[in-house]
Structure formats: structure tokens, C-alpha cells
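Peer 1: Sequence:
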Amino acid sequence: MFDFSKVVDRHGTWCTQWDYVADRFGTADLLPFTISDMDFATAPALSRR
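Taken in order, the sequence shown gives residues 25 to 73; the numbers are from this note's numbering.
What the hints contain is simulated information worked out from the structure, not anything from laboratory work.
A hint or two may mislead.
[Said to hold, decoys possible] Derived DEER-like restraints, expressed as beta-carbon distance ranges:
| no. | residue 1 | residue 2 | range |
| --- | --- | --- | --- |
| 1 | D33 | S60 | 13 to 23 Å |
| 2 | A69 | D47 | 28 to 38 Å |
| 3 | A69 | R48 | 28 to 38 Å |
Model, not experiment: these values are computed from the prediction.
A virtual CB, placed ideally from N, CA and C, is assigned to each residue, including glycine.
Whole structure, please, built from the sequences with the hints as guidance.
Peer 2: Here you go:
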């Protein structure tokens, strides 16, 4: 089972949801309601190399 309670900070990772807001509006303290993305880690079964 995957842990959906862990929050992943995606700021500064070229994540459109967060980094676009800072780049476009010059401040990072806005909430990006235009993108419906969730900040969960990728399941290990999907990220194995």
C-alpha cells in the first residue's frame, strides 16, 4: 500500500504548479488554482529504474 499522507515539497523542482507562479507573478506565496495536480510522491513500483 502507498503512503498518501507524506507531503512532497515540489518548490524549486521545475514543477509547473509551483515554479510557474513564482516566475510569472514574482512571488511564491500564491496558490496555483489553475493546475489540478497533487503533491504526492511517485509510487515506488512506478519509479524503479
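Peer 1: Does the structure break any of the earlier hints, and which numbers would those be?
Peer 2: none
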